[in-house]
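Below are the chains, spelled out letter by letter.
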Amino acid sequence: MQTKTLQKEAMTQKKERISGSEAVVRCLLAEGVNILYGYPGGAIMPVYDELFKYRDQIHHVLTRHEQGATHAAQGFARISGKVGVAIATSGPGATNLITGIADAQIDSTPIVCITGQVGSHLLGSDAFQETDIVGISTPVTKWNHQITKASEIPEVFAKAFYIAKSGRPGPVLIDITKDAQFEEFDFSYEKCTGIRSYKPVPTLEPLAVAKAAEIINQAKKPFIVWGQGIILGEAEAELKAVIEKAGIPAAWTILGASALPSSHPLNVGMVGMHGNYAPNKLTNECDVLIAIGMRFDDRVTGNLNTYAKQAKIIHFEIDPAEVNKNVKVDLAVLGDAKESLSQLLPLLKEQDHASWLQKFKDLYQVEYEQIIQNDLYPTKEGLTMGEVLKEINLQTKGQAAIVSDVGQHQMIACRYAEFNQTKSNITSGGLGTMGFALPAAIGAKMAVPEREVVAIIGDGGYQMTIQELGTIFQTRVPVKIVVLNNNFLGMVRQWQQLFFDKRYAATELINPDFVQIAQGYAIKAQKVTKRDDLGKAVQEMMEHEGPYFLEVSVEKEDNVFPMIPTGSSVSDIRLH
Amino acid sequence: METTNKLFTVSIYTENNVGLLNRISAIFQRRHINIESISSSVSEIDQVSRWTIVVETTETQMRKIIGQIEKQVEVIKAYYHTDEEIIYQESCLFKIKSDLLFEERQIQNIIKESNSRIVTVSREFFVLEKSGRRSEVDLLYRELKPFGIMQFVRSGRIAVTKQEMKITQMLESFASV
Chain Z
1 MQTKTLQKEA
11 MTQKKERISG
21 SEAVVRCLLA
31 EGVNILYGYP
41 GGAIMPVYDE
51 LFKYRDQIHH
61 VLTRHEQGAT
71 HAAQGFARIS
81 GKVGVAIATS
91 GPGATNLITG
101 IADAQIDSTP
111 IVCITGQVGS
121 HLLGSDAFQE
131 TDIVGISTPV
141 TKWNHQITKA
151 SEIPEVFAKA
161 FYIAKSGRPG
171 PVLIDITKDA
181 QFEEFDFSYE
191 KCTGIRSYKP
201 VPTLEPLAVA
211 KAAEIINQAK
221 KPFIVWGQGI
231 ILGEAEAELK
241 AVIEKAGIPA
251 AWTILGASAL
261 PSSHPLNVGM
271 VGMHGNYAPN
281 KLTNECDVLI
291 AIGMRFDDRV
301 TGNLNTYAKQ
311 AKIIHFEIDP
321 AEVNKNVKVD
331 LAVLGDAKES
341 LSQLLPLLKE
351 QDHASWLQKF
361 KDLYQVEYEQ
371 IIQNDLYPTK
381 EGLTMGEVLK
391 EINLQTKGQA
401 AIVSDVGQHQ
411 MIACRYAEFN
421 QTKSNITSGG
431 LGTMGFALPA
441 AIGAKMAVPE
451 REVVAIIGDG
461 GYQMTIQELG
471 TIFQTRVPVK
481 IVVLNNNFLG
491 MVRQWQQLFF
501 DKRYAATELI
511 NPDFVQIAQG
521 YAIKAQKVTK
531 RDDLGKAVQE
541 MMEHEGPYFL
551 EVSVEKEDNV
561 FPMIPTGSSV
571 SDIRLH
Chain U
1001 METTNKLFTV
1011 SIYTENNVGL
1021 LNRISAIFQR
1031 RHINIESISS
1041 SVSEIDQVSR
1051 WTIVVETTET
1061 QMRKIIGQIE
1071 KQVEVIKAYY
1081 HTDEEIIYQE
1091 SCLFKIKSDL
1101 LFEERQIQNI
1111 IKESNSRIVT
1121 VSREFFVLEK
1131 SGRRSEVDLL
1141 YRELKPFGIM
1151 QFVRSGRIAV
1161 TKQEMKITQM
1171 LESFASV
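Residue numbers (the numbering used here), protein chains in the order written: chain Z, 1 to 576; chain U, 1001 to 1177.
Just so you know, these hints were derived from the structure itself, not from any lab. Given the structure is predicted, the values throughout are model-derived calculations rather than measurements. One should not assume that every hint holds.
Which residues of chain U face chain Z? A few of them, derived with a C-beta cut under 10 Å, are [said to hold, decoys possible]:
hint	residue
1	Tyr1013
2	Thr1014
3	Ala1026
4	Ile1027
5	Arg1030
6	Val1042
7	Asp1046
8	Val1048
9	Lys1064
10	Lys1071
11	Val1073
12	Leu1100
13	Gln1169
14	Ser1173
Don't be surprised by glycine CBs; every beta carbon is placed ideally from N, CA and C.
Starting from the given sequences, assemble the full structure and let the hints guide the process.
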């Protein structure tokens, strides 16, 4: 035993003289990274040279644009719970990462981005492809750092992975000057286990949990809204146990989707602007609102002055800065969701709020008759986005991971996709990044090859990162791509129709032949324009072994309802 | 929603790292808040920096900003205080023609009454230093202005709290590591 420990110590203490660039790869391997997404260029070439040498241990995926690399890393992280990695060169390579980094920041996705930088003697001199990426990325990263000496690499990488993944996750950027990549030093690696100025998870106060239990036990009309905190904290089982024991109807934010199966009897749907009728409406009728791992985004709350004013609000949250940021709460339970809910569970009384739950069911019926029925079983000629989702649910038995882009199709996908597994809804929530889905689907499928990954994309967003078809072509990653084509930037058009007197400024799209484009990348493709062909097409797509592209021409001017117009109260949710 | 603006003095204890200024100032910038003054120095503990930032905003905003500052990885702790809760000072320097010191008797009285200090005197100019509250510095400025000021500079506010800061023990534990 003792000799083993000594040996282990000797192993970690052992120093080897290697270059900074080799150290970068060795750090990635030490963190368990075996896939990363990126694009080479001058200032990062030494690292690429090492990636070449280590190619049997670490797989580099060449995306067609650096933005694609970040979204692929996000897709990887969101479906696997691991840290995604993206790499790019200095200057434009680095700035192209920013959209993905900002997306990861607002959606709390753990990614580490590595950028090359001009030699340290050139810093600040407007050298070729020099950009102050640390300065530029500061407001959209959880942490960032510039390395100018090779000897800093192990510690900075260890910190980067620790910070990205711990507590409330987020993106980290490491910028490495070219001279630091070439420089040789004595390498040894030690994982980071803590940083003195950083407390990732607040200490849970048992008293706060007890108070929460007391309030919940006395509630007559309790209502849970959970967010991504459940998924990030892997607290799905605890959430299920809590709602089942206390009989609490529970709704989810867009990023919380799939933490609880769609078919669970206490799962009452999505809150927010295009969420379900019942949970939005009843937000303003519950007596206790229990928010778990969510941040009261304005798309969730609508007008704050009329949001759940009648209710006592309890906020289970890992990030103290989120408490009382948007909604003033009566009780905050700071801590990790898994731990908090585990402690809460034994304190809860077994209850059954049947008549309260019935209200949700009644309102669901109203929504079903006025909206859902028409979306899923339309009688008009044109295809709806909803029926495509219904068909995908059927063919995948609700086991697929759905990666959606941004816009009408995204709302439809989140509303109608059936989820039976957690980490199945991958979408750009907070930032609303069009172009997210195609590269994110690539990353997701590579992270968990055994799962079906279906990207649902609008004709607008698809063309923002359409070049990633090249990545699919080169890697043959078997993602399924569904483009719901209405020849419009549909969500903007919907707003123009409702709030700008149908002045359709710059929202109509004249689109190319998407099938031909996919075929150009040797991706099997077909287009569906008739309802009768839809089922067979989706089946063919799911049965096909390789990547597949399916375009569905949907009704041009359909709208997504229900809808809470901006500035309105959640209870003023519109059905038409 | 609270709408009245107040003056707040923000004290932030941080690691001493490149780029942290950018990270912290960005939090104010996002909310369109102007920084009235900023001062950075060492603190009572080795390797720990202390920032003093003065801003005018509402208390609600202030509280949210403190949360967002504190969550930065390299920030150890952040506080905000009103003027009543702190002892605060600013420092300023005046560069003035030396002739005036002898020709204008009034100037000598001003120096004496304002409790300012002559730092240096040369043939051409002398430098006057004054530490105190903003109003005292402003008064001195107004009094000297008519005689002609060659250069004037004022530092940001620095402040200590009247109450003990809970940070002290935490920092001591850092120091003992």
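Comparing the hints with the structure gives:
1. Tyr1013: With a closest approach of 8 Å, the tyrosine 1013 of chain U hint holds.
2. Thr1014: holds, 7 Å
3. Ala1026: Since the shortest Cβ distance to chain Z is 4 Å, the answer is holds.
4. Ile1027: Holds: closest Cβ of chain Z sits about 8 Å from isoleucine 1027 of chain U, inside 10 Å.
5. Arg1030: At about 7 Å, which falls below the 10 Å cut-off, the nearest Cβ of chain Z leaves the hint on arginine 1030 of chain U intact, so it holds.
6. Val1042: violated, 16 Å
7. Asp1046: violated, 13 Å
8. Val1048: holds, 9 Å
9. Lys1064: Since the shortest Cβ distance to chain Z is 6 Å, the answer is holds.
10. Lys1071: holds, 5 Å
11. Val1073: holds, 5 Å
12. Leu1100: At 42 Å from the nearest chain Z Cβ, leucine 1100 of chain U fails the 10 Å test, so the hint is violated.
13. Gln1169: With Cβ-Cβ at 14 Å, over 10 Å, it is violated.
14. Ser1173: With a closest approach of 9 Å, the serine 1173 of chain U hint holds.
Taken one by one, the earlier hints fail for this structure at numbers 6, 7, 12 and 13, listed in ascending order.
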